Amino acid sequence: MAKQKIKNKSLVNHRELWIMLIPVLVYFILFKYLPMGGVVIALQRYSPFKGISGSPWVGLEYFRQFFTSIYFWRVLRNTLMIGLYDLVFGFPAPIILALLLNGLRQKTFKKVTQTVTLLPHFVSYVVVAGIALNMLSPSTGVINAFRVKMGLESIYFMQESKYFWGIFTIIRIIKESGFAAIIYLAALAGIDPTLYEAAHCDGASRPQQLRHVTLPSIIPTIVIMFIIKVGKIISISFEQVLLLQNDVILDTSEVISTLVYRRGLVNADYSYATAVGLFETFVALVLVLGSNALARRMKSDSSLW
Amino acid sequence: MTRPSGRNTKSVLKLDHLWTALILILIITVCIIMLYPFLITLSASVSDPDSVIRNQVTFFPKGPLSFEGYRVLFNNERIWRGYANTIFYTIAGTMVNLALTVLAAYPMSRSGFNGYRFINIFVALTMFISATGMMIPLYLVVRGLKLLDTRLAILIVFGAFPYYIILLRSFFQQMPEQMFEAARLDGASEFTILLKIVLPLSGAALATIGLYYGINRWNGYFWAMIFLRDGSKHPLQVVLRELIVLAQMGEEIDASLNRSNTNAEVIKYGAIVLATLPIAVIYPFIQKYFVKGATLGSVKG
Chain A
1 MAKQKIKNKS
11 LVNHRELWIM
21 LIPVLVYFIL
31 FKYLPMGGVV
41 IALQRYSPFK
51 GISGSPWVGL
61 EYFRQFFTSI
71 YFWRVLRNTL
81 MIGLYDLVFG
91 FPAPIILALL
101 LNGLRQKTFK
111 KVTQTVTLLP
121 HFVSYVVVAG
131 IALNMLSPST
141 GVINAFRVKM
151 GLESIYFMQE
161 SKYFWGIFTI
171 IRIIKESGFA
181 AIIYLAALAG
191 IDPTLYEAAH
201 CDGASRPQQL
211 RHVTLPSIIP
221 TIVIMFIIKV
231 GKIISISFEQ
241 VLLLQNDVIL
251 DTSEVISTLV
261 YRRGLVNADY
271 SYATAVGLFE
281 TFVALVLVLG
291 SNALARRMKS
301 DSSLW
Chain B
1 MTRPSGRNTK
11 SVLKLDHLWT
21 ALILILIITV
31 CIIMLYPFLI
41 TLSASVSDPD
51 SVIRNQVTFF
61 PKGPLSFEGY
71 RVLFNNERIW
81 RGYANTIFYT
91 IAGTMVNLAL
101 TVLAAYPMSR
111 SGFNGYRFIN
121 IFVALTMFIS
131 ATGMMIPLYL
141 VVRGLKLLDT
151 RLAILIVFGA
161 FPYYIILLRS
171 FFQQMPEQMF
181 EAARLDGASE
191 FTILLKIVLP
201 LSGAALATIG
211 LYYGINRWNG
221 YFWAMIFLRD
231 GSKHPLQVVL
241 RELIVLAQMG
251 EEIDASLNRS
261 NTNAEVIKYG
271 AIVLATLPIA
281 VIYPFIQKYF
291 VKGATLGSVK
301 G
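Here the protein sequences come in this chain order: A and B.
Under my numbering, the first residue of the first sequence carries the number 1, and numbering increases by one thereafter.
Under my numbering, the first residue of the second sequence carries the number 1, and numbering increases by one thereafter.
Be careful, since some hints might not be right.
Listed below are the simulated BS3-like cross-link pairs for lysine-lysine, each with C-alpha atoms no more than 30 Å apart in a straight line [claimed, not checked]:
1. A:K149 x B:K10
2. A:K232 x A:K149
3. A:K162 x A:K110
4. B:K10 x A:K110
5. B:K196 x A:K110
6. A:K111 x B:K146
7. B:K10 x A:K107
8. A:K232 x A:K107
9. B:K292 x B:K196
10. B:K292 x A:K50
Hint data in this document are derived by calculation from the structure and do not stem from the laboratory.
All values reported here derive from a predicted model rather than from experimental measurement.
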């Protein structure tokens, strides 16, 4: 023990490492831990002029206000429904894409297609929303141009509440599938090629190889990714929702995070918005920790497969 | 395409060819779906403004090629200032990101360090706190520090992401321990080890993480919009949002009024092209780093 200590002392200079950490500590304290402590304003009637020490404490008043307001059920439903749409349709999409890419034999073509499918991930939400709104426009949108050509009526896509969840999910699938497919492509690349050779020699066709070799090999990855995704069901992309929503369709497009933004940053209702945000943090934390624990257990318990 | 095999019957071969064709058709469809929005935007931006208004552009540019939208944009000071601001925020911001990430990751990777456990937990803990919950308190902190409406806020408030710190820490940890020990025994300070040994060996990892930070900087709009009131400090994405998203919404609401300016549409398309072009041009060359970065995290989750 004592020997270990001496050894450590000569091999690591603690003081220098702490000096190195000073900017990091300052950064994390100022912009991560201070805001974490700042959530106490959810229990106050916070006024920026009085500060945290001068503002009156009101207990759970703002939580009560939120839970009993019509907004509570509305934003909870919208958040969960958008998350559910993303799970049901958005989860299989990258798996299918990865299987398609993996099925390509021609190397150059495979590379080019992967480049194409990855591109939307790196384009900003503003640009994606801009393109989407342009394409969906009733007067100058290409989707309505096709509808008119086919003798159908133009649809005011962004003016009718019923379309929002679907539109959001489709945009998300197009934007993120290519990136999400990378992890599955890595799993697919790790499959032992001799398995395919053996299957091939046994006369298995390619669809049969997909069923009996490819899919069983990536099921562990799929299960773990699914659990992780379920853990994030409530943490839907705030910036993307904010850019696509408008006042007319708030009844289906207002989610927890956009409500926090609107009440807190637009209306300066700081305490109320912080309480709503805290509720989201709590639910998200429970979901993430639960799913992480489950994923870790699955990962270590490889005997399952 | 097919490997020689004694057992393969003709029907299996036929099925395989059909399968290959099916995959090809599907993947081409996917590529078209993903490229079409970009193509139509590019086409519309150089089409005759009248055909754009009349919604006649459905694939390739319509009417005589027109650069009317770009002409207006090139003369628009706000666009150029936005561009300049974005370039500044991207370069300076990424440098801040990388500096903080390296300074955190290196001590976190030194297992003999007496603050090893503390700093690892200190950084990792922040990953579990949702951005929504922090939105208001973070704004109030920035306001309290008198950083609102300063360029500094953009650079330092998102100074480092815990996820990338942990990624880089894992990368540093994979370096051979004897290397550090030898350097320490030779009397090198931790700073020397970091600068002269670790960083020169981390080129690919730093490039990957730097690119992710950089893309994030280039694309970011929300906090810039919240922190900066003064339009002359706005990055391109904020300018773009006002130009495209807000304009579009206003337009949809009074689409029936039919009072849209002839050039307004092509200007919007042109602005999208200008904002996307740098990424679209550089991206194919740096793609391999992105792919590497996406799988890096899965090795040591």
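Here's how the hints hold up against the structure:
For the hint linking A:K149 to B:K10, the alpha-carbon distance of about 46 Å lies beyond 30 Å, and the restraint is violated. Between A:K232 and A:K149 the alpha-carbon distance is near 41 Å, which puts this suggested pair outside the 30 Å criterion. A C-alpha spacing of about 38 Å is found between A:K162 and A:K110, which places the hinted pair above 30 Å, so the restraint is violated. At most 30 Å may separate the alpha-carbon atoms for a hinted pair to count; B:K10 and A:K110 meet this at roughly 27 Å.
Between the alpha carbons of B:K196 and A:K110 the distance comes to roughly 39 Å, so the proposed pair goes past 30 Å and is violated. Of the pairs offered as hints, the one joining A:K111 and B:K146 is violated, with about 48 Å between alpha carbons and a cut-off of 30 Å exceeded. Pair hint B:K10 plus A:K107 holds up; C-alpha atoms about 26 Å apart against a cutoff of 30 Å. Distance hint between A:K232 and A:K107 is unfulfilled; the C-alpha atoms sit about 35 Å from each other, more than 30 Å.
In summary, the hint linking B:K292 to B:K196 is supported, as the alpha carbons are separated by about 25 Å, within the 30 Å threshold. Taking the CA atoms of B:K292 and A:K50, the gap is about 50 Å. The hint is violated against a cut of 30 Å.
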